[in-house]
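K.L.:
Using the sequences and the hints given, assemble the complete structure.
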Amino acid sequence: MIKINTLIVDADPIWRYSIEALFAKEHDIHVISSVATVQEALHYISEVDIVILDINIEAYKLEGLKILRDITIIKPVPIIILTTISDQNIILTAFQAGAMHYIDKLNYDVLPTAIREVTHTLSPFQLLLKDYHKLRNVMALHSLTPAEKEITDLIIKGYTLSNISLALYKAESTVKNQVGSIYKKMNVRTRKQLISILQ
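Heads up: the sequence shown at position 14 corresponds to 14 in the UniProt record's numbering, and the numbers run straight through without jumps.
The hints are simulated quantities; they were obtained by calculation from the structure and are not laboratory data. There could be a bad hint or two in this list.
[To be verified] With a cut-off of at most 30 angstroms between alpha-carbon atoms, the simulated DSBU-like pairs for lysine-lysine come out as follows:
#1 K192 with K176
#2 K105 with K66
#3 K105 with K3
#4 K170 with K184
#5 K3 with K25
#6 K25 with K105
#7 K25 with K75
#8 K185 with K149
#9 K192 with K105
#10 K3 with K75
[Unchecked claim] Distance windows between CB atoms, simulated:
#11 Q96 with L161: 41 to 47 angstroms
#12 H30 with A171: 54 to 60 angstroms
#13 N5 with G98: 14 to 20 angstroms
Beta carbons are placed, not taken as given, at the ideal position from N, Cα and C, and that holds for glycine.
P.N.:
Spelled out as structure tokens, the structure:
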């Protein structure tokens, strides 16, 4: 079996360990190295098929973007952004600098699938389109008020309007209005659509 040689670049040792442990379960993914600095990352670039990069490396967003550009100059290797950053402009700039995929750290367990998509399955355009929709959903979530986020959590758990009303001690009409606002912000029309984009 041909293995996908992977480089992990993240300043946080706990995250590096977690990602390595995740990949250790995959027969087709081989971690060449797991590093924390720019210098270390560039040292291994010639050996890898794909890079997992936290663009917040060393606590500076722009430093992470610089690494991304440096990597693509040395070798046009596919790069997956793995980060907690939700700044749309930063992420879009990362794509412009050469990134091919975007994964939120809270969902890092999808990395093996993402690696296979980048190396074997989806075209760059398909990946960007997929990430565009995902990023739009993330930004929409950030636009929800605390009360709307609380209701959204209950909807995902299967609560009905009346259940939510009882749980939050609110009038059902108030809950209904807030659900309408959530649907509008998330660009959905039904409960099913809302749940599908959040799970």
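K.L.:
If a hint holds in the structure, say so; if it does not, say that too.
P.N.:
Status of the hints after comparison with the structure:
Pair hint K192 plus K176 holds up; C-alpha atoms about 16 angstroms apart against a cutoff of 30 angstroms. For the suggested pair K105 and K66, the alpha carbons sit about 20 angstroms apart, so the restraint of at most 30 angstroms is met. Restraint check for K105 and K3: satisfied, since their Cα atoms lie roughly 24 angstroms apart, inside the 30 angstroms limit. Of the supplied pair hints, the one linking K170 and K184 holds, its CA atoms being roughly 21 angstroms apart against a limit of 30 angstroms.
Between K3 and K25 the CA atoms are separated by roughly 13 angstroms; this keeps the pair inside 30 angstroms, and the hint holds. Proposed proximity of K25 and K105 is supported: the alpha carbons are some 18 angstroms apart, at most 30 angstroms. With a C-alpha separation of about 28 angstroms, the suggested pair K25 and K75 falls inside the 30 angstroms cut-off, and the hint holds. With a C-alpha separation of about 12 angstroms, the suggested pair K185 and K149 falls inside the 30 angstroms cut-off, and the hint holds.
A distance of roughly 25 angstroms separates the Cα atoms of K192 and K105; the hinted pair therefore holds under the 30 angstroms criterion. Between K3 and K75, the direct Cα distance comes to roughly 19 angstroms. Compliance with the 30 angstroms bound is thereby established for this hinted pair. Take Q96 and L161: their Cβ atoms lie about 43 angstroms apart, and the range 41 to 47 angstroms holds. Under the hint 54 to 60 angstroms, the C-beta atoms of H30 and A171, about 57 angstroms apart, fit the expected range.
Evaluation of the 14 to 20 angstroms hint for N5 and G98 yields a pass: the beta carbon distance comes to about 18 angstroms.
When held up to the earlier numbered hints, the structure conflicts with none and fits them all.
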